[in-house]
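**Student:** Chains as they are written, first to last, in the numbering used here: chain V, 10 to 373; chain D, 7 to 239.
I should point out that these hints are in silico values taken from the structure, not numbers from a laboratory. This list has only true hints and no planted wrong ones.
Below are the DSBU-like pairs computed for lysine-lysine, each with C-alpha atoms no more than 30 Å apart in a straight line:
{"id": "1", "chain 1": "V", "residue 1": "K152", "chain 2": "V", "residue 2": "K231"}
{"id": "2", "chain 1": "V", "residue 1": "K30", "chain 2": "V", "residue 2": "K296"}
{"id": "3", "chain 1": "V", "residue 1": "K357", "chain 2": "D", "residue 2": "K131"}
{"id": "4", "chain 1": "V", "residue 1": "K159", "chain 2": "V", "residue 2": "K188"}
{"id": "5", "chain 1": "V", "residue 1": "K296", "chain 2": "V", "residue 2": "K241"}
{"id": "6", "chain 1": "V", "residue 1": "K117", "chain 2": "V", "residue 2": "K157"}
{"id": "7", "chain 1": "D", "residue 1": "K239", "chain 2": "V", "residue 2": "K357"}
{"id": "8", "chain 1": "V", "residue 1": "K357", "chain 2": "D", "residue 2": "K135"}
{"id": "9", "chain 1": "V", "residue 1": "K117", "chain 2": "V", "residue 2": "K152"}
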Amino acid sequence: MSETVYEVMRSQGITRRSFLKFCSVMAAGLSLGPAYVYDIARALETRPRVPVLWLHGLECTCCSESFIRSSHPLAKDVVLSMISLDYDDTLMAAAGFQAEACIEDIMKKYPNEYILAVEGNPPLNEDGMYCIVGGKPFLEQLKHVASKAKAVIAWGSCASWGCVQAAKPNPTQATPIHKVLPDHQVIKIPGCPPIAEVMTGVITYITAFGRLPELDREGRPKMFYSQRIHDKCYRRPNFDAGQYVEHWDDEGARKGYCLYKVGCKGPVTYNACSTTGWNNGVSFPIKSGHGCIGCSEKDFWDKGPFYKHLSNLTGFGVEADADELGLIALGAAGAGVAAHAALTEIRKPGKEDKEASSGESGHK
Amino acid sequence: MEGKEGHFTFAPEGETGTCYVYEGPVRLWHWINAGSIVVLAATGLLIAHPFPSVMGEASHHFLMGDVRFVHFVAAWLFGGGFLVRLLWSLVGNEYSRELFHLPLGDGAWWSSLAYEIRWNLFLEKRARKYYGHNPLAQLAMFIFFVLGSVFLILTGGALYAEGLGEGSWADHLFGWLTPLVGQPQDLRTLHHLGMWFILVFVVGHIYMAIREDIVGRQTSVSTMVGGFRIFRK
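If we strip away everything but chain D, and leave its shape as in the complex, we get:
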């Protein structure tokens, strides 16, 4: 189970042992990140489609303010977590790099990708085993999650800059995006679309992880809890 550093391989057919794949920080990040996505989507929808109006004096309530506060806290966890996860990929094990790096020049990776697509189209009889991510999962994670997250962090940061105002750190960091996409209303539209992009991924990701656990020949969900991949015959 030693690292196949440098080039991609899948696990041998007869592999039945265990392999330590996800290190502590990666697992912790995964679940914090999952939680933050749930909170961000829920509060985001509440910002877009607020609760029915509360009556009485405005000074007695802070409902939208609280919803936005929770959204921002979760956004810090999401965005900050993403950054920490990116940094961890520099010091973590080889599997921690797979999220950010697609071995596009590796023929074995491409043929395994084709195999996984056929497997999911019921054209292959046996599931392949992988120590890290299977290429299809890796590709989906990169396109939907990594690119989607960067997109949401940038558009979200630019929207946050609207509130902090001209000259704020957020304005310096993200404000350049607004004229690039048009105007603040476009930013808003794109941020919404970004959320749905991630949510579509969440549906597919959860389904595939559970499915692989059931019909594949290796653990998947429990690996993200305990860190070890256990292979079946």
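Same shape as in the complex, but just chain V:
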């Protein structure tokens, strides 16, 4: 812990010039003003590296895959040297008992100083037997490591919301981590996977400023999750103009019109894809011609289909969305009214009154 980030970076052959460039990139990425470049630089020069314990529960490792592909090669180097990644069973050289010993070691040496980063989530069914790490249910490892963590980061939609393994009917009872760690403020970085720059940006912020970034109601960092894909989408002008892809092979698709009608969930998805892009800003789903599937939103697997913008409602025995169902209800109401009107005509309720009073009530 005596080493600062800057020292580690210099020892890895990163020049001061490159270091300052990185600080600029991060200040921009975190939506901070140019003045903050020097704050970040100073912080990284003086603050010790933060130990990070990165746990893996029920997951597919796409978060790790995304993280190690952080677009800016420099950013990746810097971030990996900025934090002291002391446990990550996917990336670390150690294995078995040796690896598990690292956890106890860090917890003993740096209580309440290390960051717990969680990829995936614990299944609660069958006493957590659906995910065993080091011979014990993952739930136990998670609670144990969280007990002395300074901050808890939920990487990806699994840890944040549950994601695919928590999709209905959720046989393993996979549960997002904030529900099993009620005493912790969990920073959610949802996405399947989350954007690499968002992940590194959050780590940078915590390291540089020694505190958590500002979070929204859901516990997501505002700097990356306060706008929808739709708000910054380069196809938004087509949406407003009324220009849509109607079919995947039509003129609109060739011209790159808005994908709203083919189910794009951009208008209901909070993420930074349309700003940062993926793979060094090369592209993102909409730019590649496919609608957003809303992977960073709660239970997006159950809000399908991906190619319709209204979700199907379950529990009615048929696959129908809100409008199809509503139209049926309205039709039923109309039929009911018509039948009642016909019955009224046949039965003529209150007829004797009307005949008696027809002479005096000419107002209608």
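Once you have looked at the hints, place chain D on chain V.
**Tutor:** Just chain D, lined up with the frame of chain V:
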């Protein structure tokens, strides 16, 4: 025809006079509200199922933008009108309170409700007369219209907050709802269902109002135009 403030009664069997029921602001609100519902439903459906695509440069068109604008203007009339109507119930006459207040503790109200249900099932020969709303209409208005409107205003406000963004007034006012119902996509689904809920009410409301005018013994549609309820023998 003086007010029966405090407890519910229906009009006497022999009532054949007139009664001033709906005050000016209530009538004005009713028709503005009716118009806004029509516009909201039409533009809402167009937002959900937009017109066939227009071709050409995006900068030459603003079709969806205009449809959404009209939806928002109508939403202000609907939501703002609802608020004004709620405030009017504090200062208006006793009938103006019936929309928001069900006299659930009143036995006479419940027995009249039962009577109205039987009347609509053709089990009663004679229509009862009411100065204000009959209990069945009142109950339907409360459940479908009042609760439905609150639901639509809240979900619509939360959807509007998505556009205005984090920290906006709409976000402060309605944003809390989004995590409560799930996520923005759920908000959308619920807002759609809310619209159909109101539209089902609209069908029943219009039908019942016209039917009461014809087979009942008091005016209904014209009362909402002129304000006076005229009773027949």
